[in-house]
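Asks: For reference, the chains in residue letters:
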Amino acid sequence: MITLESPMIKTLILTIIFGLIVGLGLGGTVFYLRQTQKSNQSPSTIIPTLAPENNSENDLKPSPSPANTDTKITITSHQNYDIVTTSKITLKGSTTLADSVIIISTPVNVYQGTTDKDGNFSQSIDLESGYNHLTISVINSNNQENHINYYLTYSTAKIE
Amino acid sequence: MKYFIFIFIFITYINVSFPFSSQAQTAVPSKSLDENIENLRENIQEKVKEKLSEITDNEKPHPKKAYVGTITDINETELKIKNGENNYEFTIAEDATFANLKLAKIKLSDLKIGQNVLVLSLNKDTLIYAKRIIQVDPEKLENKRLTISGTIADISTTDSVFTFIPANNGGKEMQMKYSDKTEIRSRENKVIKFSDLKKGQKIISVCNQAQNQSYSTLRLISL
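Residue numbers (my numbering), protein chains in the order written: chain A, 33 to 192; chain B, 465 to 687.
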């Protein structure tokens, strides 16, 4: 008859206990390692970060390059030769010359503004009735400059 | 003995595989992670779509445009004008109106080749309709103002005149007049006095084209 005190049962119990200890030890170690690896990977997976804007210190300062380098003025609020129905408009745009003075000359007035560190500008201007030849100039203190002509027509005539 | 070894391996295997089975049971967080990624992807797609539509809308030509030019050809249905190197062709709209230099109404038959006109047009159904044609004097439409950057070379002590060296004109000096009407501003558009400007100072001059070799300044901006 097999009793608790029989050597076979004792060996069996010892085997189970030893198996539990070894198994739990190995399992625990593997679980810990996997959790550690997962927590290291998770931030780059869950939170994709956008590339930083181009606002390094070098970009904020005017370029020391000589005058007459290629610069560009882009008007985003209107298109060339547009007909507008209000005399007061806000001309918005951007230029490759950051931190510069922008001068918009209409047939009657001169408007002055500045571009921001990214080269964006926004200037409210009054148009004359009819055809308006605008000259838009961007100049910085390094004598870098650019000029464009823009033509807008202010008319309240129904064009449909 | 074989029996004990089998039991040992079996118990060890159960214990080792326990953490993996517990991970499988806790699959909910990874599901929410997938949802987050999917939401993020959708948001990015929406933003990209918005930006693309902004760009394409801006590039799409606006339908209402106005052009100045000299009539090169005209008949009852078509009008051709030329401005420099640019040629424009229009279909004259049935309800088109016509005006002379004084904005008085005229007829289509009053318009002749060689006349200068302003054409208010509408782009519709792949055709560009001339809706309003007005005779103009192109000389009066031209903006003759100059915006020049440079340095003050000298300031007259007797007259309201100063000598100006443009930055981009090969060092050729220009004589500039100023008056009480000349607006003098700082870079930040604050009103300053002419006496604040000094010899050697960088400025921007907005001026009318030269008369008697002298440019009359409308605005001076200190840089």
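Just to be clear, a hint being listed does not mean it is correct.
[Unchecked claim] The calculated lysine-lysine pairs, modelled on BS3-like cross-linking and capped at a C-alpha distance of 27 Å, are:
hint	chain 1	residue 1	chain 2	residue 2
1	A	Lys120	B	Lys571
2	B	Lys588	A	Lys104
3	B	Lys588	B	Lys571
4	A	Lys104	B	Lys524
Source of the hints: derived by calculation from the structure; they are not laboratory data.
Asks: Of the numbered hints stated earlier in the document, which are not met by this structure?
Replies: Of the numbered hints, 1 and 2 do not hold.
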